[in-house]
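The listed protein sequences correspond, in order, to chains Y and A.
Position one of the first sequence corresponds to residue 1 (the numbering used here), numbered consecutively onward.
Position one of the second sequence corresponds to residue 1001 (the numbering used here), numbered consecutively onward.
No wet-lab data here; the hints were simulated from the structure.
Even for Gly, the Cβ is constructed at its ideal location relative to N, Cα and C.
Where hints are given, some of them may not hold.
Label-pair ranges, simulated between beta-carbon atoms [claimed, not checked]:
hint : chain 1 : residue 1 : chain 2 : residue 2 : range
1    : A       : A1108     : Y       : A327      : 24 to 30 Å
2    : A       : L1048     : Y       : E179      : 53 to 59 Å
3    : Y       : G130      : A       : S1052     : 57 to 63 Å
4    : A       : A1141     : Y       : G55       : 23 to 29 Å
5    : A       : Q1041     : Y       : T332      : 45 to 51 Å
6    : A       : L1048     : Y       : G365      : 23 to 29 Å
7    : A       : N1156     : Y       : G55       : 19 to 25 Å
8    : A       : Q1041     : Y       : D330      : 46 to 52 Å
Each computed DSSO-like pair below joins lysine-lysine, with the alpha-carbon atoms no more than 30 Å apart [unchecked claim]:
hint : chain 1 : residue 1 : chain 2 : residue 2
9    : A       : K1106     : A       : K1145
10   : A       : K1131     : Y       : K119
11   : Y       : K240      : Y       : K169
12   : A       : K1131     : Y       : K169
13   : Y       : K169      : A       : K1106
14   : Y       : K119      : Y       : K240
15   : A       : K1145     : Y       : K240
16   : Y       : K7        : Y       : K68
17   : Y       : K68       : Y       : K119
18   : Y       : K169      : Y       : K119
19   : A       : K1106     : Y       : K323
20   : Y       : K323      : Y       : K7
21   : A       : K1131     : A       : K1106
22   : A       : K1145     : Y       : K68
23   : Y       : K68       : A       : K1131
24   : Y       : K119      : Y       : K7
To give an idea of the chain A side of the interface with chain Y (calculated C-beta under 7 Å), a few residues [to be verified]:
hint : residue
25   : V1025
26   : I1046
27   : V1107
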Amino acid sequence: MSAPFGKVLIANRGEIAVRVIRACRELGIRTVAVFSEADRESLHVLRADEAVPIGPPPATESYLVIAKLIAAARATGAEAVHPGYGFLAENAAFAQACLDAGLTFIGPPPAAIRAMGDKMAARRVAGRLGVPVVPGTEQPVSDDAEAAGVAARVGYPVMLKAAMGGGGKGMRLVRAPGELAGALRAARAEAAAAFGDASVYVEHYVEEPRHIEIQVLADAHGGVVHLGERECSIQRRHQKLVEESPSPFVTPEMRRRMGEAACRVAAAVGYVNAGTVEFLVDRDRNFYFLEMNTRLQVEHPVTELVTGRDLVRDQLRLAAGDKLGFAQDDVTLTGWAIECRINAEDPFAAFMPSPGTVTALRAPGGPGVREDTGVYAGCTIPRFYDTLMAKLIVWGPERDAAIVRMSRALAEYTVQGVRTTIPILRRILAHPDFVAGRLSTGFMERLLAGDAPEQAGRHRRIALIAAILTAYQRADRPAPGAAPSATPGPWRQALRPGWRNR
Amino acid sequence: MKFEAQTGGETLPVEVVGAAGRFTVTIGGEALTVDARETAQGIWSILLHSTSAVAAVTEQDGTYLVDVEGERYAIRVEEESRYIIRTRGGHGGARGQVLKAPMPGKVALIEVTVGQPVVPGDGLIVLEAMKMENEFKAQVAGTVKEIRVAAGQPVNPGDVLVVIE
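Put together the whole structure using the sequences plus the hints.
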C-alpha cells in the first residue's frame, strides 16, 4: 500500500502526538511536531522528523492558535493535519481553516463537527433517527419556572448541563425541587465562564449509570462500521480513569443494537473518519444517546487490541479518501483489553496535580502489555497542560486474565519525581466490584469514600527501613538547608475537597 | 547511629550500622539484616531475608513519604539527639498557619485581605495548575497577617502564600 500522505503535521503534544507519529512512521509518512516553549524537550518533539516552535507555554498562545498551526504546516510542506484529541480536535473552525489552506484535516468534515458539537442539536438528530435519548429539554431552558416544569415532567433527580459543555463543566445534579434555583445559577455561571455561553438544558438523571461508547469508522463513500464498545464507567469527576473493551455488561444483541444506532447517527451527519458515540446505560440495559465525540478518543487502544486494527492508521487512510475495505461482518472482538490512565496527580493528596521532572522511570513490559507514553526519565512535565502522562493498556484472552495482567503491570511501573495515579489504579483493579464487573459512574465516589488507603498495611517494615536508610545516608552527607520543619505537611488537610478540572 | 522514627502516631527507637549496601537496622528492639541499594534517586531495592521489595522515598516538609506496592507511609526520622532536644524544648511556633504552595502553579484567586479574621475552613486562596484549580482553606482561627502573592502570579513549591497569626 502506498503512503496516504507524504508529510503530516500533528497539532498536539504529549502521548497522543507520539501515538500519531508512530502510525505515520509505520506508513512511511514524515511527521512534523509543533511545540510551545514549555515542550522543547518533550517526547513528541524528539520523535518527530521535524519540529516547529509555536509560541509561549499557555495553550491559548500556542496549541490553540489556528493561524500558527496553519503557518507551521505551510512552512514545512505538510499535506495533512492530525489534531489528536483535546485542543482543536473538535473545533470546526480549525477543520475549515485546514481545508481552506489546502490541507487535509484528519478527522470529520467541519459540518459533522458542528452538527455534533452542539449537544442539544445532537440529541435532536438522535431523536429523529429513533435512537433513544435521556428524557429532557431539546432547547436551553429560558428561566427558572420553565426549568422547574421540565424537571417535574422528566422526574427528579435531574442533571443540568451546559449546552456547549464537556469535561464536567457546567454540570449540576439536582435531587429535589428546592435545590433547583441555586444549581441553575451555578451551572449558568460555570458554563458562561468556561464556554462563553450560559445556555443550560435539563434532563432526567439516570442513577448509577454505566458509560458505554461505540467506536465508529466511516469512509467518504458511504461506508460506516462500528468496532464494538468501550466501557468507561470508572470516572472521577467526569474524568475517565479505567476503560475496557468489551464491556462486561453488554450482550451480543445489545452490541448489535447500540452499534447500529451509532452508525445511524454517524451516517445522518455525513460523518467521515473515526468517531465515538457515547451512551448512558441504566441497570435494565436501556441505552440512551449522550453525545458524539468527533475525534480519536484517549481510550482508543482498547478497541485496537480486541479488533486488531490500528485506528490512527485507519484515520490516515480514510482522510486520504480510501474506502474502509472491510464490512461489519469482518469485525470480530477477540479477548479483553483494559486501559489505565497514568496521570501526574497525587491520589493520596486529593488528586493534586504533580508537574515536575521525572527523575526515574521504569515502565512495565512483558506479554500483552502496551504503554502509550509522552514522558521519559529526565523529562519535565509542564504545569500548563493536562495531567495525562501515559496510558497502560493490556490484553488478555478473557477479562480475569486481563485484570491480573494489569495488576502485574501496574506493580512493575515505577515513577519517581512526580506523583502518579498508579496507587489508586491498583486499588481499583483489586476491588471486588471491579473484578466482578459491577461498574457504574458512582464506583469511584464509593471507593474514595471508603477508608484511607492501606496506611497500616503490609509493607510498614520495608517502608521504615527505606526511610531510616535515607536518613542514615543524609546524616553522612547533610543536604543543604534540609532542616525539618515543625509540622509535617499541613497543606494536605487543606486540600479538601480536592482538585477539580477547570 | 541512633534515630527516632515516627509513623502512624507511634515513635520507635531505631539504630543503624553498616555501609555499602549491607546494614543491620534495629527497629523497636528487633534487629534486621538488610541488603539495601538505592538504584535510582529515591528508589530503594531492599532484600530482607529472601523478600525483594522496592520502595520509593520522597521528602516533604521534613517527613519521608514512602511508597511500597501501592501503599504510602508518612515517616519522620530524626537523629536521636535532635529528637530529644526538640521534644524537651516544648512547642514553639505551633500557633498560626503558614500556607505554602505545594507545587508549581498560578494564583487564580485570593479570597482574603490582610487583617481579616478567619476561622478554620475559610477559603484563603485558589491555585491553578494543569487545567485544575483548588481552594486552600484556613486550618486555624486567627488573623491574616501577610499575603505574599498576587492574583495571576506564578508560584513555585514552597513559596509562602498566606500567613495567619
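For each hint, the structure was consulted:
For A/A1108 and Y/A327, the hinted distance range of 24 to 30 Å is not satisfied, since their beta carbons lie about 52 Å from each other. Distance hint for A/L1048 and Y/E179: a CB-CB separation of about 55 Å, consistent with the stated range 53 to 59 Å. In this structure, Y/G130 and A/S1052 meet the distance hint of 57 to 63 Å, their C-beta atoms being roughly 59 Å apart. Between A/A1141 and Y/G55 the C-beta distance comes to about 46 Å, which lies outside the given range of 23 to 29 Å.
Hint check: A/Q1041 to Y/T332, Cβ distance near 47 Å, so the stated range 45 to 51 Å holds. Hint check: A/L1048 to Y/G365, Cβ distance near 26 Å, so the stated range 23 to 29 Å holds. At roughly 23 Å, the beta carbons of A/N1156 and Y/G55 sit within the given window of 19 to 25 Å. Distance hint check: the CB atoms of A/Q1041 and Y/D330 are about 51 Å apart, consistent with the given range 46 to 52 Å.
Restraint check for A/K1106 and A/K1145: satisfied, since their Cα atoms lie roughly 21 Å apart, inside the 30 Å limit. A C-alpha spacing of about 23 Å is found between A/K1131 and Y/K119, which places the hinted pair at or below 30 Å, so the restraint holds. With a C-alpha separation of about 15 Å, the suggested pair Y/K240 and Y/K169 falls inside the 30 Å cut-off, and the hint holds. Among the hinted pairs, A/K1131 with Y/K169 is consistent with the structure: their alpha-carbon atoms are about 12 Å apart, no more than 30 Å.
Using a Cα cut-off of 30 Å, the hinted pair Y/K169 and A/K1106 holds, with the two alpha carbons roughly 20 Å apart. Restraint check: the Cα-Cα separation between Y/K119 and Y/K240 comes to about 20 Å, which is no more than 30 Å; the hinted pair holds. In summary, the hint linking A/K1145 to Y/K240 is not supported, as the alpha carbons are separated by about 41 Å, beyond the 30 Å threshold. Under the criterion of a C-alpha separation no larger than 30 Å, the hint pairing Y/K7 with Y/K68 is consistent with the structure, at around 18 Å.
Proposed proximity of Y/K68 and Y/K119 is supported: the alpha carbons are some 29 Å apart, at most 30 Å. Among the hinted pairs, Y/K169 with Y/K119 is consistent with the structure: their alpha-carbon atoms are about 13 Å apart, no more than 30 Å. Taking the CA atoms of A/K1106 and Y/K323, the gap is about 48 Å. The hint is violated against a cut of 30 Å. Of the pairs offered as hints, the one joining Y/K323 and Y/K7 holds, with about 21 Å between alpha carbons and a cut-off of 30 Å not exceeded.
The suggested pairing of A/K1131 with A/K1106 holds, with an alpha-carbon distance near 11 Å, which does not exceed 30 Å. A distance of roughly 46 Å separates the Cα atoms of A/K1145 and Y/K68; the hinted pair therefore is violated under the 30 Å criterion. At most 30 Å may separate the alpha-carbon atoms for a hinted pair to count; Y/K68 and A/K1131 meet this at roughly 22 Å. Distance restraint check for Y/K119 and Y/K7: the Cα-Cα separation of roughly 34 Å exceeds the 30 Å cut-off, and the hinted pair is therefore not satisfied.
Restraint check, A/V1025 versus chain Y: the minimum CB separation of about 5 Å is within 7 Å; hint holds. A distance limit of 7 Å between C-beta atoms decides the matter here; for A/I1046 the minimum to chain Y is near 6 Å, and the interface restraint holds. The interface hint given for A/V1107 is violated, since its Cβ lies 13 Å from the closest Cβ of chain Y, which is over the 7 Å cut-off.
The earlier numbered hints that this structure contradicts are 1, 4, 15, 19, 22, 24 and 27.
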